Each structure stands twice: as C-alpha cells, then as structure tokens.
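*Asks:* Each chain, letter by letter, is given below.
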Amino acid sequence: SAVISQKPSRDICQRGTSLTIQCQVDSQVTMMFWYRQQPGQSLTLIATANQGSEATYESGFVIDKFPISRPNLTFSTLTVSNMSPEDSSIYLCSVRRGLGLLQETQYFGPGTRLLVL
Amino acid sequence: GIQVEQSPPDLILQEGANSTLRCNFSDSVNNLQWFHQNPWGQLINLFYIPSGTKQNGRLSATTVATERYSLLYISSSQTTDSGVYFCAVLKTSYDKVIFGPGTSLSVIP
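Note that the protein sequences, when read in sequence, are chains H and U.
According to our numbering, the residues represented by the first sequence are 1 to 117, in order.
According to our numbering, the residues represented by the second sequence are 1 to 109, in order.
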C-alpha cells in the first residue's frame with residue numbers, strides 16, 4: 001500500500017491568485033501523478049512528475065498554468081496559477097506501487113478541494 | 001485510447017439490498033481497479049482485479065478479461081456504501097490510468 005498526504009485539504013481563493021498543493025508519500029516512488037476532478041465528473045490526469053526531469057503534461061494542460069515540482073522521490077507540488085472559477089475542483093496526488101510492472105496498484109491522496117471565487 | 005464505460009450511471013438502493021455495477025472497456029488491459037469515492041472525496045481502493053474473482057466482506061468483483069468487462073457486487077448494502085464507484089484500467093505500465101465515468105450510489109435507510 002501507500003500512504004499519501006496532501007496539503008492543504010481545502011482552500012477558497014480569489015480569481016487571479018495562485019495556490020500550491022503539496023503531496024508527500026511515505027516511501028520513494030519513481031512517478032507521481034496529479035489528477036483533477038471537476039464537480040460531478042470523473043478523474044482526469046493533469047501530468048506525470050518524475051524526479052529530476054520536467055513533468056509530462058496531458059493534452060489540454062500546460063506548464064504555465066499547472067507548474068509542477070518534484071525535488072525528490074517522496075514529494076511533489078502542483079501549482080494552480082492565475083486561477084479562475086473554472087479551476088474549482090478536487091486535485092489529487094497519486095502513485096503506483098506493486099510487485100512488478102504488471103501488478104501495479106494506483107493509490108490516491110485525500111485530495112485538495114479548491115473553490116475559486 | 002481505451003474507452004471505459006460504467007453502468008448504471010446512478011443507482012438508489014434501500015438499505016439491505018444487493019446491486020451489481022458494470023465496467024466495460026474497449027481494449028485488453030493489464031490492470032483494472034475498482035475505487036469507492038466517499039462523500040468527502042476520498043478515493044478508496046476496493047479491488048485490484050485484472051482477471052478472476054475476488055471477495056472482501058460484502059463486496060466482490062469479477063473481471064472477464066477476454067470479454068472486456070468487470071462487475072462489482074455489493075451485497076446487503078449499507079448507508080456507508082453511498083458514494084461514487086469508479087472503474088479504472090491500465091493497458092501497460094507506460095500508459096496512463098483511464099477512469100470510467102463512475103456509478104453514483106445512494107443507499108437510503
């Protein structure tokens with residue numbers, strides 16, 4: 001299993017500001033994933049963060065809007081920049097862990113609930 | 001990419017009733033998981049089940065990989081079972097996990 005913590009758990013922000021979300025994992029992992037869940041929707045992958053390299057962003061997500069840091073193998077941050085009400089979502093950090101490449105299980109942090117006014 | 005469908009989209013149950021949730025996927029996968037998202041937003045791993053059948057208490061799951069579907073059974077439902085159930089698949093470790101749209105379950109006393 002994996003124990004993942006996120007900070008903050010929730011926040012209310014004004015449009016035009018930025019928020020940085022922190023994710024801490026209980027032990028080292030190669031990849032960390034950031035997801036967004038808009039109200040009433042499923043989860044969408046924002047980017048994959050590898051230690052020591054630039055994050056890989058999914059279609060529709062750009063580094064200027066969602067800069068990611070990955071300073072070591074247990075920690076990552078996601079910043080939501082220049083926020084608008086459309087950014088109101090739950091943001092989740094995730095890792096994979098398992099016995100091998102074909103037996104990996106995905107685990108999720110508790111999420112950060114963001115409301116932008 | 002892989003398409004994942006879940007049915008039904010919404011379900012209301014009386015406490016004590018049984019239910020079956022279905023997940024269909026459009027391509028072969030190496031990994032399939034079921035998650036429960038509780039009303040507070042926490043995603044809880046229920047099953048890692050790329051094939052076969054597993055049981056955990058009142059919940060069980062079956063994946064028929066050759067026919068590209070998985071079923072989640074909930075027996076003797078309780079109000080704490082309420083929330084959204086997601087199926088998620090992974091084709092290879094080099095791919096991203098694809099989530100289905102979810103089934104929203106409400107269990108009423």
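Keep in mind the hints are simulated off the structure, nothing from the lab.
Being a predicted model, the structure only gives us computed values, none of them experimental.
Even for Gly, the Cβ is constructed at its ideal location relative to N, Cα and C.
Treat the hints with care, since some could be wrong.
Said to hold, decoys possible - If the Cβ cut is set under 10 Å, some of the chain H residues that face chain U in the computed set are:
#1 Ser1
#2 Cys13
#3 Phe75
Unchecked claim - So the derived label-pair ranges between C-beta atoms look like this:
#4 U:Gly52 / H:Asn72: 36 to 42 Å
#5 U:Tyr69 / H:Ser81: 36 to 42 Å
#6 H:Val62 / U:Ser76: 24 to 30 Å
*Asks:* To test your reading of the hints: which numbers does this structure violate?
*Replies:* When the structure is compared with the hints, numbers 2, 3, 6 turn out to be violated.
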